[in-house]
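If you read the sequences in order, they're chains A and B.
FYI, the numbering for the first sequence is 22 to 326, going by the numbering used here.
FYI, the numbering for the second sequence is 22 to 326, going by the numbering used here.
What you were told as hints is all true, and nothing was included just to trick you.
In the BS3-like style, the derived pairs of lysine-lysine whose C-alpha atoms are separated by at most 25 Å in a straight line are:
1. A:K47 to B:K208
2. B:K47 to A:K209
3. B:K47 to A:K208
4. A:K271 to B:K275
5. A:K47 to A:K82
6. A:K320 to B:K208
Pairwise CB distance ranges (calculated):
7. A:E266 to B:P324: 32 to 42 Å
8. A:R321 to B:M162: 17 to 27 Å
9. B:E215 to A:T112: 46 to 56 Å
10. A:F158 to B:P324: 25 to 35 Å
11. B:S207 to A:K64: 48 to 58 Å
12. B:E96 to A:E78: 31 to 41 Å
13. A:S225 to B:E96: 47 to 57 Å
In silico contact screen, one side only, chain A against chain B (beta carbon under 10 Å); selected entries:
14. R43
15. F90
16. S203
17. A303
Derived by calculation from the structure, the hints in this document are not laboratory data.
Don't be surprised by glycine CBs; every beta carbon is placed ideally from N, CA and C.
Number of protein chains: 2
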Amino acid sequence: MYDIIILGGGAAGMTAAIYSARYNLKPILISENLGGLIIDAHKVENYPGLNKLSGMELMSKFEEHVRYFNVEIKEQSVIDIKKTKDGFLATTNKAEKIGGKAIIFALGTQKRKLNIKDEEKFSRKGISYCYTCDAPFYKGMNVAVVGGGDSACAAARLLSEYCPKVYIIAKEGLGGEPYNISSVRSKKNIEILEHVVVSKIDGSKMVESVTLSNGKRLDVRALFVEIGSIPSTELVKGVKVGLDETGYIKVNDKMQTNIDGIFAAGDVTTGSGGLRQVITAAAEGAIAANSAFNYLRIKRENPKI
Amino acid sequence: MYDIIILGGGAAGMTAAIYSARYNLKPILISENLGGLIIDAHKVENYPGLNKLSGMELMSKFEEHVRYFNVEIKEQSVIDIKKTKDGFLATTNKAEKIGGKAIIFALGTQKRKLNIKDEEKFSRKGISYCYTCDAPFYKGMNVAVVGGGDSACAAARLLSEYCPKVYIIAKEGLGGEPYNISSVRSKKNIEILEHVVVSKIDGSKMVESVTLSNGKRLDVRALFVEIGSIPSTELVKGVKVGLDETGYIKVNDKMQTNIDGIFAAGDVTTGSGGLRQVITAAAEGAIAANSAFNYLRIKRENPKI
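Bound conformation, chain A alone (with noise of 0.2 Å):
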């Protein structure tokens, strides 16, 4: 029986594991994917105090860390949790049975992808999901963002402030908040390409061009996806964990769900105003870690609660 059982290994995931060791507790980490999803960026720079390190070895400083506090690691994933009556029981892939009295969900988001032709091989060569990240490398360059909705938007108006030009591609025309259409209409480096999709990338290396779907080409460097994200939720519903209208997890400013004793921290949630970096998730990762080892001890000490 384990104190905390952290599902996820990114950013959220290993912090909640670092400050879980550090309260005496005892967390087990399972994860098949440690790193998350941070490690297809091809360099981070904002991270405080680790700046110009690729997101691969940023998360594999977070993993010492977390080994330094010698957290147990499981590297498979669960497929089904139950709430028994001391805790809960979660089962992984490989069958095993792992129990533990609260749990912290990390399991973070998907990036909706493109699913055409060379998209995995220019991944991290041009492709990027992640603009926040990305933009700045790309200053002087031109651009496409993939994408009609909120984030599309936001997107080319970040790029526009470093690119000469920016193109979004937005299958379904733009949508989204009337705000950010307009801003982005007004924007004279900002060309709108609508009822279009990307139908091939080309380059030798690097994105170097893409062809639209009316057989236009542009001359890009790099191509912003930014069709949506997904919630790994599938697990959280068994046990009727409450989510957003968007499908994302709900937590107030203790990053505890409406569960008790199940809490929750990272992409997953609708924690930190939305904004979802490495720096938010850890600090969520913490905060729930916080929470549990809280929520441990008054159960602890008053076991009639």
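Using the hints, position chain B against chain A.
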């Protein structure tokens, strides 16, 4: 005229500077104490990715990161802030006037000190003002906590999991939440000494013992001072920023205060569920910068608002 005036040079202010610069804004960071309170910590083990360094070293890395983005840093302190037609005007202790369109308050807190002889001498040499930072370093040793409120109880409880004996020295007896008090009273290795104060601290290089006002001597290796913090909010009162009943700046999850164009981050706020750590301060700095960026964008594009 700067886009953002950042007041405070701790983890929150420096992260706000990094994010502001990456949003292509023109920030200025004003602080006479670059690094903030954490530079008192002799070892930091809970900032993910950077393990086992001093608070001073950690904050040097933050500063280097800020300087990499060429953020202007002014090592003065602001003594007055006024609302102007276009934003805000800050006056420094050297009578410089600095205009900005938005403000991020990140002035942190000051720990209340004992104000007794040799307190300064033993600071970081047995006297600690941060039990979450330092508790694990005194594993196996006898320690004392000064204070009678919730944070003193929390410190004693955490220390009781590491240390054979924990004294609480509570001048006015134990106060705070009844639950906290009873939980401390039920611990066998916590001894509560009420209606006494520390009158003397002894040791060759590190703390070795303390003498109380009743003449009793305690052989302890550390003295955790938990007699409260004072949020640094003198400046915000002039611009009518709302505080909570304990004096911290009230923020929502986007680090907005009640005043348009004024944001706050770090230990001085009510954010992060009250967990005041380097990682949470940094995250709040990032969120505040993002919110200031959105505020300035909306203002720029809709001058009538």
